[in-house]
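> Residue numbers (my numbering), protein chains in the order written: chain A, 1 to 219; chain B, 1 to 303.
Treat each hint with caution, since some may be false.
Residues on chain B that point at chain A, a partial pick, calculated with CB under 10 Å [to be verified]:
#1 Arg82
#2 Thr109
#3 Leu110
#4 Asp112
#5 His113
#6 Ser124
#7 Val157
#8 Ala161
#9 Glu172
#10 Lys173
#11 Asp189
#12 Asn224
#13 Ala228
#14 Gln255
#15 Asn259
Since the hints were made in silico from the structure, they are not lab data.
Heads up, the beta-carbon is just placed ideally off N, CA and C, and yes, glycines get one too.
Here is how the chains run, residue by residue.
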Amino acid sequence: MTISEPKPLEEILGVLQGQDKVFLVGCSDCATVVQVGGEEQLKEMAKTLEENGKTVTGMLIGEPGCHLLGLRKQFREHRAEIAAADAMLILSCGTGAQTAAAIADKPVHTATNTLFLGCVERFGQFREFCSACGDCTLERNGFICSVTRCSKGLQNGPCGGTTADGKCEVSPDRDCAWLLIYNKVKEQNALDSLKGYVAPKEGQIHPGQRTLSREGGES
Amino acid sequence: MSLRPVLQSDRFIVTGEVGPPKGVDMSHVIEEAKLIAKMVDGINVTDIQAAAMRVGSLATCHLIKDVGAEPVLQMVTRDRNRLALQSDLLSAWVLGIENVLCLTGDHPTLGDHKSAKAVYDLDSVQLLKVAKGLNEGHDMMGAELEGKPDFCLGAVVSPGANPLELQIMKLEKKVEAGAEFIQTQAVYDVNLFAEFMGKVKHLSVPILAGIVLLKSAGMAKYMNANVAGVTVPDELIARMAKAGAADKAAKEAGQKGGNLVATSIEIACELIAGLKPLCRGVHLMPLGWGHHVPKILKEAGLA
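If we strip away everything but chain B, and leave its shape as in the complex, we get (with noise of 0.2 Å):
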């Protein structure tokens, strides 16, 4: 079953996000997924995530179905070109995959080989017109297709971008071409998101905010000097800071801290809380922390 149902429910939604190793050890991809499967509508597995080599979306997608989960294929447009994204599309389908996100991709000279040939032969935009297209039974040269997939597609955008107005032309087009549903980048200042809302408002596609846990005030703020598009508002920070500042007198008392994944539990209970009046849902990205996703889904009372 795809996420089409529960999208098109009045339910709040939850989707969750692992990312596949670097390495063919698959077993803590797929705990992870277990852990949450029950618990999330559908469980987005990172293509080739920040352009560093790994497992692919389609083979650990396949794997986390087997365990039970939903998964969302993420598709960039980065690393294949017209032909190749078609074929994995249908291959996908033939896997039982039924929902995909369709994204452009960090650009190769921000991940692990550096030298990659960059395709990017369709734009994300493109890329959700083409999946359409397979939908309605067609490639995108129009030739017809011996049974047809019926994919729930996907598409993101950056809340925090500037221009904003830039943002939302293109977030028009891909509601245009086909997006069903729309994951956004993280969010963590509730006030801006709902400036954002109030100008995305006539469009009718669901829209879940993007929550990424936050590890520590480092990280908080390494993102808001290198992730465009992302500020973490001094407030978090200055908490982040202080709880790992008490983990650390902790371990010197030879004593457990846990402060950090407290805090980090907290403020993403309180942003759900907060956006949840706002949007149709919430896509939880944890980064490694997806052991503590079932808390945070309890906590803010989601499960």
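Pulled out of the complex, with its shape left as it was, chain A reads as follows (with noise of 0.2 Å):
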């Protein structure tokens, strides 16, 4: 699930000065369950660009918002409403937002700002354990990520930074993740898996744009 938080009203009305009629998109997946951009919060955000003086063309909920021929397909079911704004506003995630601006032939703003990957742990709790790094080390780790939950990514185990109470010593809220891994695997008593050298990541973990093609794949 693709975490994000609604910008401030005031930052969203201010890169929408001069462009006083709107086209609001969301999102059927992610936004919605995260409630930026599912269809409650559209009409919300309608209503207060309206006592802000903004007129909504209309709206649509991509389905979802990062499926580039899906979400063309519904430009073109609203495009008199699309046709009559000045600018589209996307209440979903930061590729929802690229999706939309890549088709769009308006200009294009965000409402949302994209926090993480996450577990959504009950009713809007979210929590983050995959940074997408591309090389896979969980099973060695009792099935908990060195990369995202270590406060410095570490794969060889923890550096000097644990409290006496088995917190880390960036944030007393946060478990040490080296802690819960060894804790976890000991249980498990497959504490042989820690040992070893692990080489560095191959540069997965910023590579710039990441693609991927599935031979047969063409959703």
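Make one complex out of these two single chains by using the hints.
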């Protein structure tokens, strides 16, 4: 799940200066679950914009907003409302915003800040577990990701900053990932999996824009 | 000459430490290094210690080498990626620096530029391995070097870490990766250190116990609350508190104090005496009290 949060209204109104007619785009997947770009949030945004002197020419919920071909089709279905707008405001993640920008013939703005890939722990509570590093080591580390959950992303064991109560010295409310890994792997009687040198990641963490082409895949 | 010959001897080893300044006035750090250069086997130079921006370790190592010290370049992986780390290692060698202590480094959020990007492209074990590779004449991609360094490589361990088993597993990796000496986090409890040494006796690497000078009871309490893996026993805190109170009374009576310094030196000497039979040496971290190091070394019978 891509976790996003709404930008402050002042920032949104700021980028919409001089663009009074706005078309809204949400997303049926992550942004709906995370409640930044579902039907309810689109309606709220429309109301807020109208209160601030804007006209909302229409809205759509991308199914999902990051599906290039699908979104293009949905744009066509709403072409009159989009044509009537000065700009589009995207209420989904950064991928959704860029997907819309790639096919829109209007200025595009984003209404959210995208934060991380996360798990929905309960209603409105999200937690990051995976950094999409491209070189998964979960198998070795008791299914606790040190790339994401260790503040330093260490791969060969903890630094000296584990506090007496097992927290990370960077943040007292965060458990030391390596302590979690150790406890888990020990419980599984598999401490040997932590032994031996782990080589540096091979340039997968910040590789620029990543792509994947799966053979036979069309969607 | 690197630390290697003394590590291979059977002599008790002493290393010191200086911290570069925030600013370009190098007079204090050079004076401090000069003062102890002939009394110690090596002087560590911290690398943007505590993630607080300052003059670099490499430049400072070069300057203290010029005044007769044997510098130990501390190198953290927090600020540089693998390109810069390897390049700085080669740069260090061409400037005459022969010892490198490989560390991960305090996280930027604990320092004075909290939003600095934390790099950690390599960890301390990987840096050791990469540095050893340079010694063998190739970079981490396997490309051959034109002229190779011969660094004496060191690493750190925290004997008070919990769980110790996990800490020792990492120490084993460091030794395997190429560490030729180990300096420890501050030790204040000789018995606990003895237990630690018992658990690492399978490793044939020289271990130098870390000694951080206590400056006050408050500092000891602060470390207990905030520095992971460091525990100052109550007995030492009480002695520092008593000395602090005596200094305060002396000051009020218009007399010279000096009890805190005397007690701090006394504690350091006791620790050295207790640690000497247990390990290969000590690493003194005076944290600004470098001018007291000669006295400590003399009183501990190490100079």
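> Look at each hint and say if it fits the structure.
Against the structure, the hints come out as follows:
Interface restraint check: Arg82 of chain B against chain A, minimum CB-CB distance 7 Å, threshold 10 Å, status holds. This hint holds: Thr109 of chain B has a C-beta 5 Å from the nearest C-beta of chain A, less than the 10 Å allowed. The beta carbon of Leu110 of chain B comes within 7 Å of a beta carbon in chain A, closer than 10 Å, and the hint placing it at the interface holds. Given hint, Asp112 of chain B at the interface with chain A, is violated; its Cβ is 15 Å from that chain's nearest Cβ, farther than 10 Å.
Interface hint at His113 of chain B: violated, since its Cβ lies 14 Å from the closest Cβ of chain A, which is beyond the 10 Å cut-off. At a threshold of 10 Å, the smallest CB-CB gap from Ser124 of chain B to chain A is about 8 Å, leaving the interface hint in force. The criterion of a C-beta within 10 Å of any C-beta in chain A is met by Val157 of chain B, whose closest approach is roughly 8 Å, and the hint holds. Of the supplied interface hints, the one on Ala161 of chain B holds, with its beta-carbon coming within about 6 Å of a beta-carbon of chain A, less than 10 Å.
Because the smallest distance between the Cβ of Glu172 of chain B and any Cβ of chain A comes to about 7 Å, under 10 Å, the interface hint for this residue holds. At a threshold of 10 Å, the smallest CB-CB gap from Lys173 of chain B to chain A is about 5 Å, leaving the interface hint in force. Interface hint at Asp189 of chain B: violated, since its Cβ lies 14 Å from the closest Cβ of chain A, which is beyond the 10 Å cut-off. Against a cut-off of 10 Å between C-beta atoms, the interface hint on Asn224 of chain B holds, since the closest Cβ of chain A lies about 9 Å away.
About 5 Å separates the beta-carbon of Ala228 of chain B from the nearest beta-carbon of chain A, less than 10 Å, and the hint is met. The closest approach between the C-beta of Gln255 of chain B and any C-beta of chain A is roughly 40 Å, which is over the 10 Å cut-off, so the hint fails. Annotation: interface hint on Asn259 of chain B violated; nearest CB of chain A at approximately 30 Å, more than 10 Å.
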